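Protein sequence lines, in the order shown, are assigned to chains A and B. If you count the first sequence from 1, position 640 lands on 1254 in the working numbering, and the numbers rise without skipping. If you count the second sequence from 1, position 370 lands on 984 in the working numbering, and the numbers rise without skipping.
Rather than coming from a laboratory, the hints here were simulated on the basis of the structure. Be aware that one or more of the hints could be misleading.
Pairs count within a copy or across copies, as identical chains cannot be separated in the list.
[Said to hold, decoys possible] Below 27 Å or equal to it, Euclidean Cα-Cα: the simulated DSS-like pairs (lysine-lysine) are:
id, residue 1, residue 2
1, 824, 643
2, 1170, 1006
3, 1001, 1170
Since the structure is predicted, the reported quantities are computational estimates derived from the model, not experimental observations.
Number of protein chains: 2
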Amino acid sequence: MESMMIYMPIAMAALGLIYMLIKQSWVLKQNAGDGRMKEISDYIYEGSLAFLNAEYRLLSIFVVVVSILLAIVSFVVPTTHWLIVIAFIFGAVFSAFAGNIGMKIATKTNVRTTQAAKTSLPDALKVSFGGGTVMGLGVAGLAVLGLTSFFIFFFWFFMDSTWTNTMDMTIVLETLAGFSLGAECIALFARVGGGIYTKAADVGADLVGKVEAGIPEDDPRNPATIADNVGDNVGDVAGMGADLFGSYVATVLAAMVLGNYVIKDMGGAITDAFGGIGPILLPMSIAGVGIIISVIGTMLVKIKSNDAKEPQVMGALNLGNWVSIALVAISCYVLVIWMLPETMKMDFFGEGLQDISSMRVFYATLVGLFVGAMISSITEFYTGLGKKPILKIVQQSSTGAGTNIIAGLATGMISTFPSILLFAGAIWASYAFAGFYGVALAASAMMATTGMQLAIDAFGPIADNAGGIAEMSEQDPIVRERTDILDAVGNTTAATGKGFAIASAALTSLALFAAYVTFTGIDGINIFKAPVLAMLFVGGMVPVVFSALAMNAVGKAAMQMVEEVRRQFREIPGIMEGTAKPEYDKCVAISTEASLREMMLPGLLTIGFPLLIAFVPMIFGMNNLAIAEMLGGYMAGVTVSGVLWAIFQNNAGGAWDNAKKSFEAGVLINGEMTYKGSEAHMAAVTGDTVGDPFKDTSGPSMNILIKLTCLIGLVIAPILGGHAITSTVTSTQFVETTNGVTDALEVDMISLDAENAKAIVTKTFTDNGNVMAEESVLEGTLEEVKAAVAKLQAENKK
Amino acid sequence: MESMMIYMPIAMAALGLIYMLIKQSWVLKQNAGDGRMKEISDYIYEGSLAFLNAEYRLLSIFVVVVSILLAIVSFVVPTTHWLIVIAFIFGAVFSAFAGNIGMKIATKTNVRTTQAAKTSLPDALKVSFGGGTVMGLGVAGLAVLGLTSFFIFFFWFFMDSTWTNTMDMTIVLETLAGFSLGAECIALFARVGGGIYTKAADVGADLVGKVEAGIPEDDPRNPATIADNVGDNVGDVAGMGADLFGSYVATVLAAMVLGNYVIKDMGGAITDAFGGIGPILLPMSIAGVGIIISVIGTMLVKIKSNDAKEPQVMGALNLGNWVSIALVAISCYVLVIWMLPETMKMDFFGEGLQDISSMRVFYATLVGLFVGAMISSITEFYTGLGKKPILKIVQQSSTGAGTNIIAGLATGMISTFPSILLFAGAIWASYAFAGFYGVALAASAMMATTGMQLAIDAFGPIADNAGGIAEMSEQDPIVRERTDILDAVGNTTAATGKGFAIASAALTSLALFAAYVTFTGIDGINIFKAPVLAMLFVGGMVPVVFSALAMNAVGKAAMQMVEEVRRQFREIPGIMEGTAKPEYDKCVAISTEASLREMMLPGLLTIGFPLLIAFVPMIFGMNNLAIAEMLGGYMAGVTVSGVLWAIFQNNAGGAWDNAKKSFEAGVLINGEMTYKGSEAHMAAVTGDTVGDPFKDTSGPSMNILIKLTCLIGLVIAPILGGHAITSTVTSTQFVETTNGVTDALEVDMISLDAENAKAIVTKTFTDNGNVMAEESVLEGTLEEVKAAVAKLQAENKK
């Protein structure tokens, strides 16, 4: 059983994907309505496909360029194999495929939800959540399937599926990082491009349709209305999916890297029932079990009564969510106790090697689950309808747009307080429990429910679209009433889902950051060195500038949309009377092209900066380890500032949105009930306009920025380091007494000098345990040194 | 000559202060006008005094509380003497006194400027800039006078005015840090409290006056109008003055600390013509010469033609500014070459001791001057009238307040790009030239022109007030025209002055941060340790939350003001007809009380967080050096995030302000000239409302936050470290050969164990230069150890 454990995650992923296929065919078998409904749904479907196809074209070019770069890297760096290119391509393809599944099912499910809502709310929930489930399991299943398959392949390819030493395993994991990088690059396109798309279409449609032409939202006469609905899918479904796909893969990868580091700290090899790789297999196993748990969680989401309201629907989702979190906690306990040595040794910086029991690793996973649950509550508090911060923004709307804006900004800013304290506490606690391996496993545990989380997230835009279709096809009001209940719940889950995505990005980046240090072999990142401090500043600046670029991109793309809609209104006769059909496809094309064009600059910023920091000083002959430390400072700056700006922008945006929505039911301002159309409401609408790019474009983009930055760092780490690839291969060889002093000669380290492509064996002289001197005794290619050490070991055994 | 050099800065400061007194009496002798003009000016003067008095009451309590805390610290920590309390009190008193001089002269000069503007523009400039000069030289003179006097006193008190060792000098400088802390605490009150005051009065006056009652700005019927004018002085004069006073003192102090560190790196003592303290005297000397240069600079500011326009006035200010920068560069060259050893040794982290020529220190000072000049240009580009970013915001105003806000936010965010690259480049370059001593001297050189900078800064609000008085006392239009020219120039200098203040705060914090590390004796701040990383996150969050609190404070205080103005309009008959006088003093009182009350929470956040981080883990028995590293991580987080948010908020606010002002002369939007009162203008007004607290309250507060955080760190550093206080007092003592191995015994270190209040002498065994072992050979009180070492040295000399 234990020896087969390496295949367990694949099996679980396969099971999850099979369940997904069953669910998918069930959803597709549902009645898709007819006439106008079907027509609109088809437009949205086709618009989404148009975006995907355009995105894939651009992606192909991008993947080819990056593949060439990676191939060069793999030739230059001995610890990076050319297979990283294959892993990269597959990572990109898997992520894109998962996004494709999600988009397709979401755009097929919306109309079926509308149709189901004609007869029953429970059925409408079942259909819409079914669509979400397909998305969630598709992403989680493909992520685990891809990552673990490549691990097994590389483990076989580089190590013959048997433990040799941590250096070889580092090569396996370094090559595996390509898969993660591929996935995150897709996320850049899907999340940033998608974010620009969705808001450009939204703002464009509103500015001309609602404001200039005076027609309601989702009116079929508006040429941009289909683009607007496509945008919901592009941004919230495909974007969120790719984001979490990337987090999921990167988290598990980072935990594996740190698991390898634990083995190194324990002397370079452990004996367990899992072929000596228990600490490396554990994160994959948690991910695998998480998929089955997600399946169970999604099964629990159902309501019975046709008269149910928001609380019942929310309750059903919560039940599924909480049960899955509890099940993850239980399985973490079982897996940790089973798979890890009872006591491990871990190196704590500045404190040396410490004994860590496996129970402490379990506690670290609990920290992760706690963060996942808490961050949602915090987000909910700062952005939820009827909560204090929202009521305050509503009050401030009465004195105009200016005070509404200030209140919204302040809310977003203050929301960083509990969120950052939570993250800081989590870093501290999980590290105190089990070092950076603990931090990475906390992230892994939190991400284990990704399938379930994404099902809940994707359900929102599906319900939103279903409502839009009901409106556009002029259904009975009861249909819209039912979809509105789902939509309202979907809005809440969208906000908490964003919180989860930030938390996952933050923890993932931390885990990657830790993995980066172990890969480069630097002994820490000392910000008292001025170049490192300078890079901390530069890193801190990048998320701010990135956000501004993303916001400006929305503005530019929206302006193009506005002009196109104006042109159609002007040039197509009968469009306003509903006798002529608008050219929906032209608007979709504009959004598509603009979003992909406008994401170039922020994308370049994300990818270019770490490369510049790594390679420009290299050209000037700077020491590689010094560069590695600088790049580490940059990564830390991006992460700290990026997490702050993500929380700030998401929560400010969410707060403005719900402050505006509060006016729909009416709010009490200075003792007077105030509704839509009031001056205060107009002020709140202004706030929402500012908040839209915050919460849907620049805010969520931060997740990608910080993860991708850390991943790029991880991939180029071996170029900078190489000294990391040290491995204790032998213990004390002989003892010598001269001049009354007892010296012990220990061949205790093989370090790989990446710059000169040679391996070095160091001899350490100790005097009663104190290191007196170190001396390099053997140098050569890695193969030569390995052979020499093996010979030495064989001689000693005699 | 050389031996008297220690008194040079005091002499220069005294000269500067004498010149200030002459200038002051000249300004006060000018015609102060009569009737209405004089009456209004008196109201403003009294309102300012009312604020100052209220502030001083609160300050006294605060100073007493902090003094008690400091007294406790000085009892617990052997390297901190109780004299730090005296230094602290004097630092607070000097800063408050400088602010007092500035406020008084500013409020006296405004009416005299109006009066002078009746006849001549050159005279109006002479009077208004004369007031600014008094402010500038008062601040610079008192800062240098106070700091250097205390240094001379402590140097005599602790070291008998003769060099002993770096440990003793550390005690001198540690005690001197009290002066800097006192000054910065006043800055907290003046800048944050003043920032809240000025915007609460401004927003309150506008909301009821302009919007509700429809009367123009600065109308004497508005009860809040005096408070508004007082606010300009409180925020822009006293706040800016205290800010720069604090930066000035802290920068010089940090440079002195790092100068002491240079001496330590050079073996614990140097031989030069300045009693062996050349590197410590240098920053004081640069500051002293800077005062005389500032006097020269201010003398150059004059125009001749009565028909001069903005460019001529700006040109006169620029001439003075550039000449003073050039003179500072020349004197830095002379002083550096004269006062520093030709070659120094400096310890670069990770690179060991390096030989640094004094020319390289000079290059570092040039870096500082370059940053000071560049940051003003960058600020000018992003916030200047007619520049591209402003024109873009103007264009975006045509589609409503929402797009105007987004454009303003994006401008502020993007402006961090060149600014941060400039700072990062400056850190890198000045460190590469001369280590952290170079960074601190770069800051010192930049700050040398503080007198001149502040004269230019203070001139703005004086001109603004002069215009207000002309308006309120209904002068001839030509008077307002002339003051408007001065005001327009003042607006530009206000923006660039803010840039200078940020740059000074940033460089000061970096220098303090470096000094902190040397005080604690930690070997760097490694953000790969999870607790340090967690604190980096927490530190990054604090500026964001601080800004939000400051913004909310403005909102709350403004609301109180609105209610008071409404009450007066309602209850005082004849107020609108101008027959009854409004109760100006009530509005002043409200602004005063509200601002001081509302600054409590952000102030507590600033002071409380570092104390919590230092002392809570201490209670739980955490290692002191680990705590010191955590606190360092926190300081870095606050600095990086604080600088970012300062630039973002100041520039966004400045950009919105000038986008609004663009409409006064008319702007071309979509081919149409658009003026005040248009829809686009209304959108721009909304942007300005959001920008007001950004640029005048939360933005400038960041300067204080980051400096005060680093200063608090510096003051508690010896509690955490103590190991820093090491000093090489003797060289090799004897050589011993045993078993054919040559051992050298070297008593090379006295380290002070702060926790146990004892000194330790360490014996180092070396084998042909390699350190083989260290051993503690002598422990006791500092006095005992000193005596023993002296005896040992005496024996060796025989």
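Please flag the earlier hints that this structure goes against, numbers listed from lowest up.
-> Hint 1 alone not satisfied by this model.
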